[in-house]
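Protein chains in written order, with the numbering used here: chain A, 710 to 1033; chain B, 156 to 477; chain C, 123 to 403.
It should be emphasised that the hints constitute simulated quantities derived from the structure, not laboratory data.
Computed from a prediction, not measured in an experiment: that's the story for all the values here.
One thing to keep in mind: the hints can contain errors.
So, partial list: chain A residues that the calculated Cβ filter (under 10 Å) puts toward chain C [said to hold, decoys possible]: (1) SER757; (2) ALA854; (3) PRO856.
In this text, a Cβ means the ideal position worked out from N, Cα and C, and glycines have one as well.
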Amino acid sequence: MSYFARYLTRRIVSAVLLIFIVMTLNFFIIHSAPGDPVTIMTGIEQPSKEIVETLKKKYGLDEPVFVQYVKYITNLFKGDLGYSYVYDQSSWSLIKERVFPTLILTLSGSILAFIIGVFLAIFVSHLKTKFGDTIVSIISYILYATPSFWLGLIMILVFSSKLSWFPTSGMYNLRETYTGFKKILDFLHHLTLPVLTLMLIQMPVFYRVTRASIIQNYKEDYVTTLTAIGVPKRKLFRKYIVKNSIIPPLTIFGITLGFSITGAALIEIVFAWPGMGRLMLDAIFRRDYQLLLGIYFLMAIFISVAMILTDIVIAFIDPRIRLT
Amino acid sequence: MNPILEIMNLTVRYKIKNKEIHAVEDISLLVNKEEFVGIVGESGSGKSTMAHAIVRLLPPNAYIKNGRVNLLGYDLINMSDEEVMKVRWKDFSIVFQKSMSALSPVHRIDDQMMEAIKLHNPQISQQEIESRLDKLLQMVNLPKRVLKSYPHELSGGMMQRVMIALALVNFPKFVIFDEATTALDVVTQGQIIEEVRQLVKELSLTGMVITHDIGVVNELCDKIAVMYAGKLVEYGPKSDIIHNPYHPYTKALISSLPDFIKERGEFAGIPGNLPDLSQLPKGCIFAPRCPLADEKCFEQVPSLLRNDDRQVACFKVKEVKT
Amino acid sequence: MRKFGDFVRRYFTNPYGVVGFAIFVTLLCFAIFAFYISPYKPNALSEDVLSPPSYKHPFGTDHLGRDIFSRVVYGTRVSLSVGFVAAGISALLGIFIGAFSGYYGGIVDEIVSKIIDSFLMIPIFFLILIIVAIFGSNLFYIMLVIGLTTWPSNARIMRAQTLSLKERGLVKIAKSIGESNIRILFSHIIPNGMYPVVANSALQMGGAILTEAALSFLGLGDPNVTSWGKMINEARTYMSFAWWTIVFPGIFTILAVVAFSFIGDGLQHTLYPKLSGVESE
């Protein structure tokens, strides 16, 4: 097997293990909740006899916790995300239409944050004045400290309520039915503020890491060697420093996804964006734990997939990775 | 004797916080055609700083306070940065010590070596570049695959050879070896020293070898210059220095070698530490550690006694015989 | 003692550290002297419903006529306590788990490392969410849960420190003269290795404040307590015509977290001056 295939396999195995741990944790938390397990599981106060029987059989509620756990995990592997008794639908049917909105919000927000953060760091380094670095640095500290939901609300306040440039909520204009191109525009119109919010919240980390990386790289020996050879400063920066400096922010991109999903969930709630975040909140309030577990499972999969993809990209750029 | 390199009263200082470190203090030196001069001294003696000053690669917090350097007809100290960039690596170059990141870790070896060629030979064809790279690799005993490799894929010895090949890429006339063997194991060091010897002959190189290891200097050099705390304390032909050192520091240095390049039996380290380089003392800079020092040594700076090729800066030396 | 004095002096040469500390001290005063600083009782209702900032109410009033400035001042208590307690629990757990795991090594260490890595990759907030939703949203409980879910980053730092300290001469000597492992851990390893954890804890305090704010915003915060997050949540309905109800609690949240970030950075620069430096390029 080539090095790459081995690397990939290891990452996938890690991911599966991770998801496994996460679901186990969640499962046991729910099962240690005070109260009658059936009530908890269904979310309904007085479940009917049939429901109780079905549940008992499917999840082995009479049996010791460990057996239930095994049954649960096996169900997951079969692709059964559980059944929401509160909504009286399978969890998956509820979740599936929420996947796309969340994905597009999270991915665009994170990728834009990465691009802007890295570019800003490169730009500030190119300028070389300490002033630029200080200003952007302080802005990034402030953005990092800003609660995502608060920023979203402020966005609505300024850009929707006061300026009416953007809609306050939702994914589409429910009063009109656009088709084709107009529909896409409408969608983008609604997407702007939420993505902007997520991007602003995420950007600081990428800026700081890239900037630190650039500063660190300038202290490396190869800068002296290449300068000695005669490589002019601009080329040194553009070709060598930039490529070396991009690796740390890429490395943390995967890690930040966990935070961006959190941020995205809160932003979805603020903007009434029909994604998994909103569904999750509803599930919590209705004590619909089955649904919640299903959502968490899906999120864990997304994060893992994204992390693996990021690792692949890094392996392409950083030749040192391939050998491990 | 035509000097390839002439250093005159070179003084280099570092600015650290509010202090000024006197790294190189009033050094004058000559290197003649096809001569190899070894610069020895302990860490902190200023030898590496001097080398970097010559090729104008000092870090931003260092500056040349005084002095002139004439290398191959170039007045290096008084040239602008742009002018230096144009000539550096054409007729003269420096072999750096190999390190984890002596070259960019995310670019291939040939990519980086080609920069050195193309920047100074803008008209050169790709074919010529490739044949030159092949030839260079042969000269340093490296296999062809090194060209397409990345730095981390190479062993320490291979990387050091790459740095040597890189320095020779435009067939310079003068090369400085800055601690080029320090980070290598003894066996590899021996191999590389031998390879360098061949190269020097093949390419009729003139050069300078910066090291703390007198053994290396013994193999590669014709003359030895001993530096201590930024000053030149002794200079002369290799065998003279090794078998008949004048300066107390040189004597201590030679006798602290456990070894076969000289016949003496005594063995001693040199007690004491380097002085604080932010404050130059009134007298001889070695006085605090010198077993022979007396009042005069602490009051006045000894000037260089010379006789042809032999120089010493010490009050205790009555006369210098070649 | 002298070492501490040096440490403090070096800390105050870092501008971020100084500003962070200044803001923190101000907020601390707000929290401690809330009674004297706030012009009104935080829950005192009045008839000046949703009135804009004025001399009488510097930050305006909310939908129940309560003075926002007073509420924000009292809210400082909540935020700072959450920050301290949560980060404190996280630090204690992290230090002990990291030190013991790194010191004794073996299979326990491998398991702990795997757990640490897993925790660091998953979005912790959802875990906290589900726990608080199930088990209750008492303020102390929230602090506990945050502490119990954020210790891994401290543990990882402490473990790395332990691994390197383990090889140091001091520890080897102690071992050879027969000092018990526990003693070595408590008198050499932990006191010497815990400083980066302290720096990290400053950042975690900011994170805890943001987490509590998010929980309150979602309605899962302590209902008996005036927290900034709760104020933001309550302000949602009124914000378009009463911007002051949402802006001020948000600004203070940002201020608090920024202060802790600055302090964390200042501590980092004091501990590892080599890593700093926006100087030469």
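Here is how each hint holds up against the structure:
1. SER757: violated, 24 Å
2. ALA854: holds, 3 Å
3. PRO856: With Cβ-Cβ at 5 Å, under 10 Å, it holds.
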